[in-house]
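Here the protein sequences line up with chains A and B, keeping their order.
First residue of the first sequence: 0, per numbering that gives the first Met the number 0; consecutive thereafter.
First residue of the second sequence: 0, per numbering that gives the first Met the number 0; consecutive thereafter.
There could be a bad hint or two in this list.
Pairs of lysine to any residue residues, derived as SDA-like cross-links and limited to a Cα-Cα distance of at most 20 Å, are as follows [said to hold, decoys possible]:
no.	chain 1	residue 1	chain 2	residue 2
1	B	K196	A	K16
2	B	K196	B	S215
3	B	K196	A	I50
4	B	K187	A	D1
5	B	K294	B	D283
6	A	K26	B	R178
7	B	K187	A	K16
8	A	K26	B	E180
9	A	K16	B	S215
10	B	K196	A	S42
11	B	K187	A	N47
12	A	K16	B	H136
Since the hints were derived computationally from the structure, they do not count as laboratory data.
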Amino acid sequence: MDQQSIAAERCKRTWMKADSGDFEAFKAQVAQTAREEDWPNASAVERNVLIYDGDNVRDMARCPSAASN
Amino acid sequence: MSEWVEVFLNGPGVIVITNAMENSAVVDEATAIFDAVIEEQRTTNAGGGDHFAKPGANDRIWNAAEKHCIASPDNFARYFGNVAIGLVSRAWLGDSYQVTAQVNRVNPDGAAQMAHRDYHLGFMTAERLQQFPTHVHRLSPVLTLQGAIAHCDMPVESGPTLFLPYSQAYLEGYVTCAREEFQDWFQKHHVQLPLNKGDAVFFNPALMHAAGPNVSKDIYRMANLLQVSSAFGRAIESVDRTRMSQLLYPVLLDAQEQNSMSAAEISSAIAACAEGYPFPTNLDNDPPVGGLAPKSQAALMHELLEKRVSAEDFNAALDEQASRKRP
Numbered sequence: 000m001d002q003q004s005i006a007a008e009r010c011k012r013t014w015m016k017a018d019s020g021d022f023e024a025f026k027a028q029v030a031q032t033a034r035e036e037d038w039p040n041a042s043a044v045e046r047n048v049l050i051y052d053g054d055n056v057r058d059m060a061r062c063p064s065a066a067s068n
Numbered sequence: 000m001s002e003w004v005e006v007f008l009n010g011p012g013v014i015v016i017t018n019a020m021e022n023s024a025v026v027d028e029a030t031a032i033f034d035a036v037i038e039e040q041r042t043t044n045a046g047g048g049d050h051f052a053k054p055g056a057n058d059r060i061w062n063a064a065e066k067h068c069i070a071s072p073d074n075f076a077r078y079f080g081n082v083a084i085g086l087v088s089r090a091w092l093g094d095s096y097q098v099t100a101q102v103n104r105v106n107p108d109g110a111a112q113m114a115h116r117d118y119h120l121g122f123m124t125a126e127r128l129q130q131f132p133t134h135v136h137r138l139s140p141v142l143t144l145q146g147a148i149a150h151c152d153m154p155v156e157s158g159p160t161l162f163l164p165y166s167q168a169y170l171e172g173y174v175t176c177a178r179e180e181f182q183d184w185f186q187k188h189h190v191q192l193p194l195n196k197g198d199a200v201f202f203n204p205a206l207m208h209a210a211g212p213n214v215s216k217d218i219y220r221m222a223n224l225l226q227v228s229s230a231f232g233r234a235i236e237s238v239d240r241t242r243m244s245q246l247l248y249p250v251l252l253d254a255q256e257q258n259s260m261s262a263a264e265i266s267s268a269i270a271a272c273a274e275g276y277p278f279p280t281n282l283d284n285d286p287p288v289g290g291l292a293p294k295s296q297a298a299l300m301h302e303l304l305e306k307r308v309s310a311e312d313f314n315a316a317l318d319e320q321a322s323r324k325r326p
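Chain A on its own, in the form it takes in the complex (with noise of 0.2 Å):
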């Protein structure tokens, strides 16, 4: 790579433009499904938003060693 083109990369790794952005990727970064298995504190998970129960919440803040799982 000659000393133009390593400037012209180096510029685009370190500046947005306004086209910058893959729609592509980005439909396939939002196509995640949120499993339960990962998020052992949630109660539930629905459409994609992790549900925490305020009463496990409370319990959490209240024993440190749970609050830093």
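Once you have looked at the hints, place chain B on chain A.
This is chain B only, laid out in the frame that chain A set:
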């Protein structure tokens, strides 16, 4: 809570804490306080504009944290003396975070918002965004945690917030958010959950979201939007934290005496009120004696509360500290 760090960073980006406000009477009392502020704003024509909605469709209370504390320091203490708010703020932002709050009441017929990202970079035009290098686009989301406390039951027809899970982790998201194909994708794939009074939602501010349309006949959908700032960020609002601390201190002193609030609850209330970080300061007058940093306002409040110092002496110490920090 490492789990929440990863939820916000690379996971779905949004959580609901059901029954985050344990005592619904505390929420109702706060609602009455906010209703009165809105009423007063309407009579005096104060309040004014909104960045995401047309006039009349909703009512806003800017700097609701300070107004809440002035109207009722006692209710403020019970409301923000909330360990769930403390735990989630600390998980995402670490220590010394700052709470600001903005009430939004979306009235029947209030339209949906356009999908957007939030403060900091979410509040910039496409042209302005290009003035910040890519690593700052990565930085912006870690400077704020966005939250909302539901002040009434919010069935779907009342328009609780629409979210696009996982969109916060899309690096180019600030520049792509307003583009047609991204907006269309949001319209088709967003999720929306009903909330109950006292539930809280917290999300990464880079998550694409929008208030939903209120198509109900009679639900005045009130949420207290919490914008929690990193110690290293600039909070969105200027807040008179010295005045708030003076109002809150006697309430916390009493709660401590009566054992009506736990140490963790008192700590969460202080974090929502006092300035949590010692900088910026005037190092000529406020040097870091005996350590690397001078004392923050919150540290002073903790210290004097622990010593059970009177409100009068606390006020004097607070004023003295504030004058040392002045340029």
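Results for each hint:
1. B:K196 with A:K16: violated (42 Å)
2. B:K196 with B:S215: holds (16 Å)
3. B:K196 with A:I50: Holds, at about 15 Å.
4. B:K187 with A:D1: violated (45 Å)
5. B:K294 with B:D283: holds (14 Å)
6. A:K26 with B:R178: Since the Cα atoms of K26 of chain A and R178 of chain B sit roughly 14 Å apart, the hinted pair holds (cutoff 20 Å).
7. B:K187 with A:K16: violated (26 Å)
8. A:K26 with B:E180: With a Cα-Cα distance of about 10 Å, the restraint between K26 of chain A and E180 of chain B holds, given a limit of 20 Å.
9. A:K16 with B:S215: Cα-Cα ~41 Å, so violated.
10. B:K196 with A:S42: holds (18 Å)
11. B:K187 with A:N47: Holds, at roughly 15 Å.
12. A:K16 with B:H136: holds (12 Å)
Consistency note: the structure conflicts with the earlier hints numbered 1, 4, 7 and 9.
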